[in-house]
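Residue numbers (our numbering), protein chains in the order written: chain U, 1 to 145; chain P, 146 to 290; chain E, 291 to 773; chain Y, 774 to 1256.
Derived by calculation from the structure, the hints in this document are not laboratory data. Misleading hints may appear alongside valid ones.
What the hints assert, rightly or not - No farther apart than 27 Å at their CA atoms in a straight line, the calculated lysine-lysine pairs in the DSSO-like style are these: (1) Y/Lys-791 with Y/Lys-779; (2) E/Lys-479 with E/Lys-308; (3) Y/Lys-1216 with Y/Lys-962; (4) Y/Lys-1216 with Y/Lys-1190; (5) E/Lys-627 with P/Lys-242; (6) E/Lys-765 with Y/Lys-827; (7) Y/Lys-910 with P/Lys-242; (8) Y/Lys-1158 with Y/Lys-1233; (9) U/Lys-105 with Y/Lys-1110; (10) E/Lys-473 with E/Lys-707; (11) Y/Lys-1110 with U/Lys-97; (12) E/Lys-675 with E/Lys-297; (13) Y/Lys-819 with E/Lys-765; (14) U/Lys-97 with E/Lys-675; (15) Y/Lys-910 with Y/Lys-791; (16) P/Lys-242 with P/Lys-216; (17) Y/Lys-956 with Y/Lys-910; (18) E/Lys-344 with Y/Lys-827; (19) U/Lys-131 with U/Lys-71; (20) E/Lys-627 with Y/Lys-827; (21) E/Lys-627 with E/Lys-479; (22) U/Lys-76 with Y/Lys-956; (23) U/Lys-71 with Y/Lys-956; (24) P/Lys-242 with P/Lys-148; (25) Y/Lys-779 with Y/Lys-1158; (26) U/Lys-97 with Y/Lys-819; (27) E/Lys-336 with Y/Lys-1248; (28) E/Lys-473 with P/Lys-216; (29) P/Lys-242 with E/Lys-479; (30) E/Lys-473 with P/Lys-221.
Said to hold, decoys possible - Using C-beta positions, here's what the derived DEER-type ranges look like: (31) E/Pro-333 with Y/Glu-1072: 31 to 39 Å; (32) Y/Val-817 with E/Glu-589: 41 to 49 Å; (33) Y/Val-817 with E/Glu-347: 37 to 45 Å; (34) P/Thr-149 with Y/Val-817: 25 to 33 Å; (35) Y/Arg-1147 with E/Asp-653: 24 to 32 Å; (36) E/Arg-648 with Y/Gly-1162: 43 to 51 Å; (37) P/Thr-149 with E/Glu-690: 28 to 36 Å; (38) U/Leu-121 with E/Arg-575: 36 to 44 Å.
In this text, all values refer to a predicted model and were calculated from it rather than measured experimentally. For every residue, glycine included, the Cβ atom is placed at its ideal position computed from N, Cα and C.
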Amino acid sequence: MNKTLVLGVIGADVHSVGNKILEYALNLEGFNVVNLGVMVSQQEFIDAAVETAADAILVSSLYGHGELDCKGLREKCEEAGIGNILMYAGGNLVVGKTPFEEVEKRFLDMGFDRVFPPGTLPQTGIDFLRKDLGLANISDGGGSL
Amino acid sequence: MNKTLVLGVIGADVHSVGNKILEYALNLEGFNVVNLGVMVSQQEFIDAAVETAADAILVSSLYGHGELDCKGLREKCEEAGIGNILMYAGGNLVVGKTPFEEVEKRFLDMGFDRVFPPGTLPQTGIDFLRKDLGLANISDGGGSL
Amino acid sequence: METTDKKIPMDQFLETRKEVLAQWPTGAEVDFREAVEYHHGIPVNKRFPECLRKADENGSTLLQPRAGVALVNEHIELLRYLEEHGQADLLPTTIDSYTRHNRYGEAQTGIEESRRENRSLLNGFPAVNHGVAACRKVSESVGIPVQVRHGTPDARLLAEITIAGGFTSFEGGGISYNIPYAKNNPLEKTIRDWQYADRLAGYYAENGVVINREPFGPLTGTLIPPCISHAVAIIESLLAAKQGAGDITVGYGQGGNLTQDVSAMYTLKELTREYLDRFGFNDVRVSTVLHQWMGGFPEDESKAYGVISWGAAAAALSKATKVIVKSPHESQGIPTKEANAAGLRTTRQVIDMLREQRMPMTDEVRTEMEIIGRETRSIIEAILKIGEGDIAAGAIRGFEAGLIDVPFAPSRYNRGKVLPVRDDDGAIRFLDFGQLPFGDDIKAFHNDMVAIRGRNERRKPNFQMVIDDIYAISKGRLVGRPR
Amino acid sequence: METTDKKIPMDQFLETRKEVLAQWPTGAEVDFREAVEYHHGIPVNKRFPECLRKADENGSTLLQPRAGVALVNEHIELLRYLEEHGQADLLPTTIDSYTRHNRYGEAQTGIEESRRENRSLLNGFPAVNHGVAACRKVSESVGIPVQVRHGTPDARLLAEITIAGGFTSFEGGGISYNIPYAKNNPLEKTIRDWQYADRLAGYYAENGVVINREPFGPLTGTLIPPCISHAVAIIESLLAAKQGAGDITVGYGQGGNLTQDVSAMYTLKELTREYLDRFGFNDVRVSTVLHQWMGGFPEDESKAYGVISWGAAAAALSKATKVIVKSPHESQGIPTKEANAAGLRTTRQVIDMLREQRMPMTDEVRTEMEIIGRETRSIIEAILKIGEGDIAAGAIRGFEAGLIDVPFAPSRYNRGKVLPVRDDDGAIRFLDFGQLPFGDDIKAFHNDMVAIRGRNERRKPNFQMVIDDIYAISKGRLVGRPR
Ligand code: B12
Ligand code: B12
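All chains should be built: construct the whole structure from the sequences, respecting the hints.
As structure tokens, this is what we get:
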């Protein structure tokens, strides 16, 4: 029942602090975490997801180039035969303070399943992962902890 | 050529700091200043103006009740036979941060000749007084200093 | 009848009470027994004295805004907003200026015009006109304690109505709500009227209901040397304690120089305690409040945030029991609820970030504390002397003689001879001592400090320098250097 | 070839130079002789070194924002706005992340998409793509000095183009722009590449044009103990001085505990001076910069103003030569020009209000300074030892051995074993020392301080405590107390 997640910070982005915390929190929660760290290319995300038969890809982007960096990722997944993989994005996804609804729309349109605003705590992502991956909720008495 | 000004803070307003500074600055400038201080009623302004044959009335209101307090002052001046006296108002004239254009309009409509926004320095008032009272400008080499 | 520091006898108090309650129709709503019962039902976390004590025990600083509008529902909405979105710990009900001057008729007009225009035309909440039931509605609508904040020379009816209305703290005093807030009110009368308010607090206390009392610290809010406001705080604390008030918060308006502000806050508590104990009021509880900068604010809101933050820092580093918070609209007008909450949140961030820190006892702080102590004691001792041991009579004669003198105050019962000015480090000193009863050593200290500044600025310290200091913070500086 | 601390011989430098200028077409625009001439024509008040020296002489703290957008005219408009409406003293040109990673092709795409969409899609100004003439247009459009701020491991071409482009200061260093800003770049290479940038500054200096150089102080901006960033600052200063750089600004990112921050700023200058002198660089000028809190910011803008103000206060009270300013948008994204200017004005108000004040030399400051001094010297001496006297070789080997180790850094050339945590007063201490070369006394001090906090919070200090500290300021506290 151990779900595998590929985690990383996309593009030329080096913001490593949130990534380390996410890894720690997801591990605690019992997920099998493949953390690619920072400065991860689209190809690296896909290769890791294929290789580990991952259940989800979690993309972080903090530095503002998220839009440029994420374009085409869903299409590449499709080409690689994992077109249906669950795909999340979070962080400071665009340049500049922007109403989150706009940002969410842009990223949903790009093929992400869920999008998270700046300042999202790991627990929020975890709760959605459990739901989307069909895992019992911790508060339901289940869970893998 | 000494012009006489009646100065005061209207209504139940006790903000005395600006009043003391205005008095000092107007005196320095050579005006004949009749300072009624704080908590001055409409009647007191008018009595003083009539008594001293003043050239202008300078009303301050800081505490927010300026609108309520100033209503009818021009009409009372007319009744007292000084309907044409120059009348200025300044301070924080209304309750709450309000676009100055609105405030200015309300007070001009009430019969004030000039209206000054929060934070006005005495020199600004003085420059307009010189103009409106037909005095030479200091920078023109004239003035009573 | 001379005003003296005697506890008002019960019969006399009850006699006056009838007159007071008859001043305006809503006075009839006050029923003391019922009000005491009502207070017994107020939960502990909604009582001022308890919250202040807890804060002191935890070493935390509580946040309180200023706020009040003309109409009841709008006022409740405002307070709720500040509780929820401002994360306030304590709430105010700021009273409008007509009520402060007992002009209840004009307040009524203000209420009606506000209803008509659908915006508050009053600069506060006219509690007397609204009456006891409305006050209870206000205090019941929020989850934290509410205090009456005003500036009323004769606040007897206001006290009756608001305390019966469930408020658990009442600001003011016979000096601090006269000298900066009035022009023609003799101290004899305002001190006597405030003895009534204190006696009322004492009456409640005798019936098991402790009401917090807070002398207004900042006075005119403009370059007040600590010893002046400390002296007023001590006198009013002694007067209140004599009438039976059991819980007192003494206040101070931030000056801007951190060493002086911290020293002022430390000495404020120490000296008040010292005098209360000396006169046998050992069981009166003392807490402190720091007011963020009370003088003119910068117009620009982002600059105002800087001033607000520096006030928050001074409160946190001096471990004030509470801090009174300004808003980014300060220079412009009564703040919207959003601006008020924004000032609170800025303050919250700074206070909470600094809660583990305090200003250490440096040599500079020690020196400053010693000076403030000596100055304050000089004033209080001179007042006790001229009052022949009676602090009320002494205060009245002292103001007349200029032994105590509040800079820039509008009252004719204040000498108005003292002139403060900043020294070269921004601490507030005396340029002119008027008749303050200071020894030569203290005077020499101030003269030296001011002279240093004069030398550095190559100008003679005079009224222009004082004016520059008055404008300084609103123009972005602490010290008004020559332009 | 091992990277060592040798001045690059001129012929070798000129050889490499050809390669560097060939990396992107705009390299051809650089003409050294002409650039030197150009710099001689830059007015004194637009030169970084002069402005910093003057500020130190006056005891004032200069304000500098971060700012950069994709297109030239928009970037100029932005800088002008910050000069005029933000009252900045010094301007930046923050470079976008593609350029930082020498991905000039992607930067070009970003420029084009930004043109098309009429908004900046890049997080900075792609100076290399825009070229020398565009940079000159930028620096000529404003009335104050401009610095290049980036985070570029290999900044050789960027340095060539921007310095020829009239910028008078260049931020970065072979460690500080690698370890926090890169993943796969060996220190051998980045230190060597930065020796080139320093040599370029030296080359200009030999021709009478002093370019300010500034190692990036805050590193990962997240709970960096002062000794770590001090050690990096000293190493990079020595490396820069060896290549002939004559004017250095060392930096530190605010931690939040005032005593520690002031002690850090005082020791930063002292220790840098000490080592520069020891290696004979007595005539290299040293100034300091404090960065307002570099970690995660609160989302709420009014809370962000509180954080900004506290950073401004730390800079003023520690008499930093300059302060790098954050904006109320920090937690959200690159600020609009209005938000950026607002952060500057808040800072301006606080800095100017506090200009007369400084943190006095308390026992607490003295103790903290001594500890920072001992820790920093331990690290530098261990590095010199492992480098057999060579600071470049020592730094490379030292990072490998974990003698120096930057918390939370993304680089694989950083050990990543050190864990910082706040003590009970909010000062940043070590939870895990990794391989840091500290004596038992220093370790005992940190362990004790951390243990006190653990006891007060009734929990074992561990990674959860570190995480709580990382979130703390964004959640409104300095110390991440258990929820
Ligand atoms: C100090 C102060 C006080 C002191 C006053 C002490 C005293 N006796 O003077 C104390 C603490 C007692 C006080 C009390 C109150 N205050 Co008050 N106070 C201020 C404050 C902070 C500074 C005022 C000041 O001294 N400025 C410095 C002087 C030099 O400037 P000035 O007064 O603006 O005057 C200058 C100019 O305006 C101009 N000027 C003024 N009049 C005129 C007229 C003409 C013709 C011209 C040309 C120029 C001119 O020239 C003057 C000299 O430069 C202001 C806010 C601010 N400005 O930052 C609030 C402020 C004026 N107070 C305010 C209020 C509401 C009150 C209270 C009702 C309490 C409350 N609700 O908080 C009471 C009212 C008491 C009363 N009955 O009047 C509000 C008014 C709100 C509004 N208009 O919407 C303000 C704006 C604060 C706020 N934002 O809420 N206050
Ligand atoms: C620390 C920091 C740095 C450090 C980073 C050190 C390091 N190696 O990690 C340094 C100083 C080196 C740095 C550099 C830069 N930074 Co930076 N940085 C920050 C800062 C202040 C904090 C980031 C942080 O660590 N937060 C704490 C962690 C715990 O939170 P987090 O990163 O947000 O991650 C959490 C959540 O977002 C969420 N999350 C993240 N991803 C995902 C994904 C999913 C699926 C889910 C569910 C949740 C999730 O969970 C994480 C854990 O809680 C932010 C602003 C802020 N937030 O206050 C700017 C910020 C991210 N940086 C920014 C920029 C622009 C840069 C630079 C380009 C420099 C510049 N122009 O100023 C460079 C870029 C370098 C590069 N190539 O990437 C901008 C981005 C702007 C934008 N998006 O519009 C920000 C927002 C600041 C700003 N307002 O300008 N930065």
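* To do: Run the structure past the numbered hints and jot down the numbers of the failing ones, going up.
  => 3, 7, 8, 14, 17, 18, 20, 21, 24, 26, 29, 32, 33, 34
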